[in-house]
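Using the hints, position chain D against chain E.
Number of protein chains: 2
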Amino acid sequence: MSAPPPRPAAATPLAQFRRAGFGFELLARASSSAARAGLFRTPHGAVPTPAFMPVGTKGTVKGVFPRDLAAAGATMILANTYHLHLRPGEDLVAELGGLHRFMDWQGPILTDSGGYQVFSLGHISAIDEQGVTLRSIVDGSPVRLTPERVVDIERKLGADVAMAFDHCPADPSARADVEAACERTRRWLEQCVRRHREHGGEETGQALFAIVQGGVFEDLRRENARAATAHDLAGYAIGGVSVGEDRAQMRAAIEHATPHLPHDRPRYLMGVGTPEDFFDAVERGVDLFDCVTPTRHARNHNAFTSRGKLNLRNATYRSDPAPLDPECPCPACTRYPRAVLRHLCTSDEMLGPMLLTLHNLTFFHRLLARIRAAIETDTLADLRATLLPALQHPARDPATQ
Amino acid sequence: MSAPPPRPAAATPLAQFRRAGFGFELLARASSSAARAGLFRTPHGAVPTPAFMPVGTKGTVKGVFPRDLAAAGATMILANTYHLHLRPGEDLVAELGGLHRFMDWQGPILTDSGGYQVFSLGHISAIDEQGVTLRSIVDGSPVRLTPERVVDIERKLGADVAMAFDHCPADPSARADVEAACERTRRWLEQCVRRHREHGGEETGQALFAIVQGGVFEDLRRENARAATAHDLAGYAIGGVSVGEDRAQMRAAIEHATPHLPHDRPRYLMGVGTPEDFFDAVERGVDLFDCVTPTRHARNHNAFTSRGKLNLRNATYRSDPAPLDPECPCPACTRYPRAVLRHLCTSDEMLGPMLLTLHNLTFFHRLLARIRAAIETDTLADLRATLLPALQHPARDPATQ
Numbered sequence: 114m115s116a117p118p119p120r121p122a123a124a125t126p127l128a129q130f131r132r133a134g135f136g137f138e139l140l141a142r143a144s145s146s147a148a149r150a151g152l153f154r155t156p157h158g159a160v161p162t163p164a165f166m167p168v169g170t171k172g173t174v175k176g177v178f179p180r181d182l183a184a185a186g187a188t189m190i191l192a193n194t195y196h197l198h199l200r201p202g203e204d205l206v207a208e209l210g211g212l213h214r215f216m217d218w219q220g221p222i223l224t225d226s227g228g229y230q231v232f233s234l235g236h237i238s239a240i241d242e243q244g245v246t247l248r249s250i251v252d253g254s255p256v257r258l259t260p261e262r263v264v265d266i267e268r269k270l271g272a273d274v275a276m277a278f279d280h281c282p283a284d285p286s287a288r289a290d291v292e293a294a295c296e297r298t299r300r301w302l303e304q305c306v307r308r309h310r311e312h313g314g315e316e317t318g319q320a321l322f323a324i325v326q327g328g329v330f331e332d333l334r335r336e337n338a339r340a341a342t343a344h345d346l347a348g349y350a351i352g353g354v355s356v357g358e359d360r361a362q363m364r365a366a367i368e369h370a371t372p373h374l375p376h377d378r379p380r381y382l383m384g385v386g387t388p389e390d391f392f393d394a395v396e397r398g399v400d401l402f403d404c405v406t407p408t409r410h411a412r413n414h415n416a417f418t419s420r421g422k423l424n425l426r427n428a429t430y431r432s433d434p435a436p437l438d439p440e441c442p443c444p445a446c447t448r449y450p451r452a453v454l455r456h457l458c459t460s461d462e463m464l465g466p467m468l469l470t471l472h473n474l475t476f477f478h479r480l481l482a483r484i485r486a487a488i489e490t491d492t493l494a495d496l497r498a499t500l501l502p503a504l505q506h507p508a509r510d511p512a513t514q
Numbered sequence: 114m115s116a117p118p119p120r121p122a123a124a125t126p127l128a129q130f131r132r133a134g135f136g137f138e139l140l141a142r143a144s145s146s147a148a149r150a151g152l153f154r155t156p157h158g159a160v161p162t163p164a165f166m167p168v169g170t171k172g173t174v175k176g177v178f179p180r181d182l183a184a185a186g187a188t189m190i191l192a193n194t195y196h197l198h199l200r201p202g203e204d205l206v207a208e209l210g211g212l213h214r215f216m217d218w219q220g221p222i223l224t225d226s227g228g229y230q231v232f233s234l235g236h237i238s239a240i241d242e243q244g245v246t247l248r249s250i251v252d253g254s255p256v257r258l259t260p261e262r263v264v265d266i267e268r269k270l271g272a273d274v275a276m277a278f279d280h281c282p283a284d285p286s287a288r289a290d291v292e293a294a295c296e297r298t299r300r301w302l303e304q305c306v307r308r309h310r311e312h313g314g315e316e317t318g319q320a321l322f323a324i325v326q327g328g329v330f331e332d333l334r335r336e337n338a339r340a341a342t343a344h345d346l347a348g349y350a351i352g353g354v355s356v357g358e359d360r361a362q363m364r365a366a367i368e369h370a371t372p373h374l375p376h377d378r379p380r381y382l383m384g385v386g387t388p389e390d391f392f393d394a395v396e397r398g399v400d401l402f403d404c405v406t407p408t409r410h411a412r413n414h415n416a417f418t419s420r421g422k423l424n425l426r427n428a429t430y431r432s433d434p435a436p437l438d439p440e441c442p443c444p445a446c447t448r449y450p451r452a453v454l455r456h457l458c459t460s461d462e463m464l465g466p467m468l469l470t471l472h473n474l475t476f477f478h479r480l481l482a483r484i485r486a487a488i489e490t491d492t493l494a495d496l497r498a499t500l501l502p503a504l505q506h507p508a509r510d511p512a513t514q
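Just so you know, the sequences run in chain order E and D.
According to this note's numbering, the residues represented by the first sequence are 114 to 514, in order.
According to this note's numbering, the residues represented by the second sequence are 114 to 514, in order.
Excised from the complex, chain E in its bound form (with noise of 0.2 Å):
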């Protein structure tokens, strides 16, 4: 990664693209390094970006009521076509209003295209050159995924954002395979282009974001993100990552696809992360992340907090009157001392993950605001020297504190 000539600090308003409802304003650059701050438009609202865009994979974010989504900091979602186009089937989510409705959300909706399923499920899956065949995972059956197929499915969900159908490889480091993947991921973006367009494109309300593959390998994400560029799309998104690599390769194929992606269009660094990552990938000039990470985390009780990870369940909480983080203002610090939270996530109660997940997404998405107004002030180095130390070890002993 080579830094970028110094530029004056205050936030520097770019001309960008706009067309159709989408638009994307970089708003201030960082001096020391790629990162940027900008406002990602579409025709369900603006996302100030660095973003994080919470997950929720079968049109529900885990345990939150999207009202209180929109209070944790949420400005954009996911859904998964895969998903949801098993269950309850893309037909009825159009039926009943469309995405936007079923998952009573307002904001901005992006689609993942099921190319991760096809790793992430490979044990059930098998893929040609025409596309993958899975098997349900609700009732065992065949369903067949092609790149048509699953632009026809986005369009019914209606997302503002719909993901291009790509081959995400298993091992990143495998030359072979990801060759293979990158040309599959390179001709089916091509029908997948086409295919949106035939739908009406951008005009439509819903614009088509490619995934850049290559693995680990320079010359290979260089290719695949100039034949992603080649089609002129609303954002392009940086795929075959946190597949399970280490952390230098997935900073290596965010430094080999960045340079190769046009500067006016926002980029989506799929399934990514943790706090750590997120400065990784901002300084490399990522602007979109999405991870089930907060939600999951949440779910086991483990808690994301300004002075590091802890888990509610741990004997140590057990008469700790000390709020799960005093930085936070959400319901969970606010409202309870950790000893109740402990009590309430051995208890097996509910309402420890409903607070838990609504603390992960305020604490992540309160990251995000701080980086983006890190980049604004061109302070970012510092707000990770000052910040992500503290995060990166486990919560000390309130009897040591």
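Note that these hints are calculated values from the structure, not bench results.
Incorrect hints may appear among the rest.
Chain copies aren't distinguished; within one or between two, either way the pair holds.
[Said to hold, decoys possible] Result set (SDA-like, lysine to any residue): computed pairs, CA atoms no more than 25 Å apart in a straight line:
#1 Lys422 - Ser146
#2 Lys269 - Thr317
#3 Lys269 - Pro436
#4 Lys422 - Gly134
These numbers were taken from a predicted model, which means no experiment stands behind them.
Relative to chain E, chain D alone:
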């Protein structure tokens, strides 16, 4: 049950007891039944009666944020002494500031005494003349409960109302067993009253309610009620119902007890019930109810509606665009079609039970509010005739409506 003499229909404030932050004002009485509308005052606020109290056994009404509990119409809630004694322990609750802070509920709270658990956990409990030994459902260790011990625990928990420790017999029609249970209940109440006074009585902000046993036997209910009222307490409960007896037996138990309870104290029918039960009991002079029905049914995807009970996992609702209950103002009914609620339930998403719990509680509290209003306008019989037939049938298939 004999009807009282006719009275004017208008609300008639009647002089009532008032003591140390507690009081009960009768605001209206029905002309053709023993139904009455009142206001039960506690140090944490007043409860318009008849009222339904949601059950928060372990310190949380399952699946509900306290803020939403109030919005659903709850004024007073329950917690359970036995469960909270086991985990997290009354000392910790006291240390953290008492049950109101622990539950994040600033309204009135009542703690059940554990007497019911002696019945419901009968297979792991042994009763003697001095108290009960149960096996802990947390770790299997023996737990000894005596009348004094229970009052001590309840004092530390710090609810507005503490229930006396009673013996709830398993079979309300086995005379010898019920007689023995009445005798223990009478003797234990004396011990509870003494201990409660030693702690400072109602001046501490906590009132003691007695529980009347006696099964299906008129003479035993009468004797037990007279023994209880000799203590001049802030309220009286009818126990030993909702243990598997039929509806006629439950009505008989109420009719045998209420004539011997003072008019100017609230009467609480423990563990009841269903919409039909509320009418039956209110007509016989009952003011307070608690039951796990609305919350437990919600977790099993059952909803109470103005047109009957329905199970949201039923295929009938697969593509049903109608609201769950068109007459209900809760988030489940105003923000989602039945088809989405069914999707959430069949997909085992937390949001399904979360929404149905809010709905069922809203339904119960609105039903009780209508019952109160009908008593005030002396139209309770009309309300029963209008409302109950629709409530008691399964909701019709929307295709045939």
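Results for each hint:
1. In this assembly of identical chains, the alpha carbons of Lys422 and Ser146 never lie at most 25 Å apart, being 27 Å within a copy and 60 Å across copies at closest.
2. For the identical chains of this complex, Lys269 and Thr317 are intra-copy neighbours only, at 11 Å inside a copy versus 62 Å across copies, given an alpha-carbon limit of 25 Å.
3. In this assembly of identical chains, Lys269 and Pro436 lie within 25 Å of each other by CA distance solely across copies; the values are 22 Å between and 44 Å within a copy.
4. Taking identical chains as interchangeable, the C-alpha atoms of Lys422 and Gly134 are never at most 25 Å apart, the minima being 40 Å within one chain and 45 Å between chains.
Hints 1 and 4 from the list above are not met by this structure, while the remaining hints are.
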